[in-house]
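Enquirer: Chain by chain, the residues:
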Amino acid sequence: MRRRRDTLKNPEQELHAFRMRSLLAVLVVLTLTGLLGGRLFYLQVVQHEVYSTRSEKNRVRVEPLPPTRGLIYDRNGELLAENRPTYNLTLVRERVDDLDTTLALLVDLLELPEKEAEAFRVRSRQRQRPFQPALLMSDLDEAQIARLAVNRHRLPGVEVEAQLLRYYPDAETMVHALGYVGRINAEELAGLDSGDYAGTHFIGKSGVERFYEDELHGQAGLRKVETNARGRVLRELGHTDPVPGRDLTLTLDSELQRLAVELLNGRRGSIVAIAPTTGEILALASVPGFDSNQFVTGIDVASYRALQENLDLPLYNRAIRGHYPPGSTIKPFMAITGLKEGAITPGEVIYDPGYFQLPNDSRRYRNWLRWGHGRVDLERALAVSNNTYFYSLAHELGIDHIHENLTAFGFGQRVAHDVYGQSDALMPSRDWKRGRFNQPWYPGETLSVGIGQGYLQVTPLQLATATAVLANRGQWVKPRLAHRIGEREVPVALPDTPPDIELGNEAWWDSVYSGMEKVVSGREGTARRIGRDLEYRMAGKSGTAQVFSLGQNEKYNADELKERLRDHALFMAFAPVEAPEIAVAVIVENAGGGSTHAAHLAKAMTDAWLLDDEAPDSDEVREALEREDDRVAEG
Amino acid sequence: MIWNELTRGLRSHPVKPSLSGIARRRSLWERIHLDPWLLGMLLVLMLAGLVVLYSASGQHFSVVTAQAIRFGVALVVMVGLAQLSTTTLLRWTPLVYVAGLGMLVAVELIGDMGMGAQRWLVIPGVIRFQPSELMKLAMPMMVAAWLSRQVLPPRWRDLVVCAVIIGLPVALIARQPDLGTSLLVATAGVLVVVLAGLSWRFILFCAALAAAALPLLWINLHDYQRQRVLTFLDPESDPLGAGWNIIQSTTAIGSGGFWGKGWLQGTQSQLEFLPERHTDFIVAVLGEEFGLVGMLAFLLLYLLIVGRGLWLAGAAQETFGRLVAGSIILTFFIYVFVNVGMVSGILPVVGVPLPLVSYGGTSSVTLMAGFGILMAVNAHRRLLPR
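Residue numbers (the UniProt record's numbering), protein chains in the order written: chain A, 1 to 635; chain B, 1 to 386.
Don't take every hint at face value.
Facing chain A, a subset of chain B residues (Cβ under 8 Å, in silico) [said to hold, decoys possible]:
{"#": "1", "residue": "V151"}
{"#": "2", "residue": "L204"}
{"#": "3", "residue": "T250"}
{"#": "4", "residue": "F258"}
{"#": "5", "residue": "W263"}
{"#": "6", "residue": "T267"}
{"#": "7", "residue": "L301"}
{"#": "8", "residue": "L304"}
{"#": "9", "residue": "G314"}
{"#": "10", "residue": "I346"}
{"#": "11", "residue": "P348"}
{"#": "12", "residue": "G351"}
Simulated from the structure, these hints should not be mistaken for laboratory data. Just so it is clear, CB atoms sit at the ideal spot from N, CA and C, and this is done for glycine as well.
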């Protein structure tokens, strides 16, 4: 019998054994569940009072410790953005008994005007994570802090919190290069890592502050604290230190930046300077600026409206978002395009009768000099800014070649590495026009683009970038604002750098340079006034951009036009020609006096950068400009 | 081959003779091999779990969505596995088991470190998973596969083989080191042996032996593991370090009282001082916000699921399926017990999630895969004379 049991399976018996053991299992399961139920009953019913008290009265809380935001320095170590200790008023809604009473009391204690009191109420109702303090007011003064301290017992859930606040020492000058921080809004809150921003009230809103937000912010720490029933801290139980944000060293030279702003002297405009070989942005000025510190503490409605409604658009960053027709400053780039595509050679001469005509078209596209420049080769065409030469070149090239080659210089694109909010402006093409207007491209439009008018629009940053690439013999280096992030240097070669521009003959670069040099130093140069006492070789090109177009036979007269309808003055330059150290683009809106205005500013910039010993004086430049403004100059 | 099996239920509508000899069409549930009762209760549990998770995650809807997606995947896995026949399961078991062993060895050699323990196997860009999860199913199935071919109750020789089958993966997992999981995997295997009819005397003997071996185990524990046990014995000894979780979780549960503080109203939970409150410690949120009533409701639901599972296991006709199903459902209960016991402070802290409530993808998929196998066992009954 036993042997039989060993060799044959007995399903009946196996099932029985399983059911016996299952029964055992059921008993065990019920017992263990009973044990759990008992434990829960003990915790939640028998000991409920104890735990309830522990939970209510003496609770341990984890508080975020916000990291210190990284500082921002210019290339010489001058502090551009720092953190200033201030006192803020915060409120945890969950701990407040009656919100309206508390707010009324606060408004009373802080002696706030009714307008601000309303903003106060709005802020206290903003969506917050539960039990997180909401920022009601920044930058309390001593008296306010004292009054709050005395009335502390009447204000459960309200805390005065010491905090480091962003401060920009030279805000108006730097704001368009640096950007600024502001209060985190609901939209931004949704996209943030709630842990890392738990104690942070501010976030980069624009510029470098925005682009390098992750680096500048750092990592939050936390501390465990024991609090009383009202959530007030009794003692600290332990903490993890926050990791401060990384400091940023910019390529910006604050001296040069300040000079740029002074030179513009309150006129709407922009100056951008780049070191061609390294891509370092030395100055990124847009005038007028505004005091970004107002945005940190929270700007009042009236001031904000005043900024927004100001006709000079101070909030508008002209350097990176301003769209301007480049005018004649596009001509050097057209020349390179012509040489590269084989449409011209440096020695080739055309005859300018004062206008250009398309085949089978009676319309005359005029040179700015009505009677013409006569025989013109490439260098002279650049020096005297001859339109006929470039009309003819543009016609020969066609819009497709022009589009391709100007795009290679970065026009119509966002090429800067770390400039937040840069615009791509507009480099028109056949496709663009079809998409935008559903119209074919007309040959006359090519001519306009050839002298920097028509649909073509550039930003000052793009013009400076293209000038730097031109000065660099076609070699691309991406413009950048950050030189060093923490300990890490930003490399010269960056990903997505556009391909270099190569010419069939290296000497052609020099021909274009030579033409541009004659602009400032030549007998006929359009900006020869600035070349008189030049201590180094400078290549440049003037330009004027029409704000509105004139009819065919009208004569332009600045005096008859309102100030805001006068032409924009442009100038692009680099120096020294043999080994360029600075490329600069200047745009002065409605300058009126012609492109010479911008040329003076460009020269002041290169002087300041190249002639270390003689600190440039913006007053001298200003005087020269005033003399200049009385004269009538070309276009 | 697998595909044929997966779709067989949907393709064929055989009219089978029943015992009474009267032809009977199979119901829809039978055709898709699912047990409506068990499935219904699991879905209720998942939904309730998502509600608790929303609160436990600090009201992040994205967490709930992510979990729901995992549940979706887990359900698909379950339905898929339910289509396999016991014969197929039996055939694939040794292969999966050996593959699992291989992966455990791979983890040992090239595994990814996470939280101080080597648990993850990563194929970059493709998948990242814990082979120990696979073992939770493959190992008990292997034991059952072996025992089902032997004459039962198991004899000494069988027990030795079973010990090897259980011991290899458990040792590898314990080396990672992941003591909690290794113990759970071991339990799943041992349960199969017990259900197979291990003699009462032997069970008692082993229990005594285990008690005697405790000091030896203690010596071999890692520091953090020892700390957990010590903390369990006296949480107040280290209120900010290892005892933190237990003090906070018992406070949360205790302060919930009979009716609880209400959904999203748990001050302890919402204050974020429960670490892992949406994973292993989610019971604390449940207890605080839904009180004793909510806790008992969840326990009752778990009990019903276990009861239904055991019923299905007992109704299985083949030893292999029966043993596997029984082990799966009892292991499921052990998860519940260990997790609730740990959070409420009657067991030391081991990293075990609350089944289908805690946030986590791998564990949900493994659990639902288990239920899929259970349903497969139930569905493939042949008409044998009893």
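Enquirer: Compare the structure with each hint and give your call.
Expert: Okay, the hints, checked on the actual structure:
no., hint, in the structure
1, V151, "holds, 5 Å"
2, L204, "violated, 12 Å"
3, T250, "holds, 6 Å"
4, F258, "holds, 6 Å"
5, W263, "violated, 13 Å"
6, T267, "holds, 6 Å"
7, L301, "violated, 12 Å"
8, L304, "violated, 11 Å"
9, G314, "holds, 6 Å"
10, I346, "holds, 5 Å"
11, P348, "violated, 14 Å"
12, G351, "violated, 19 Å"
Hint compliance for this structure: hints 2, 5, 7, 8, 11, 12 are not met, and every other hint is.
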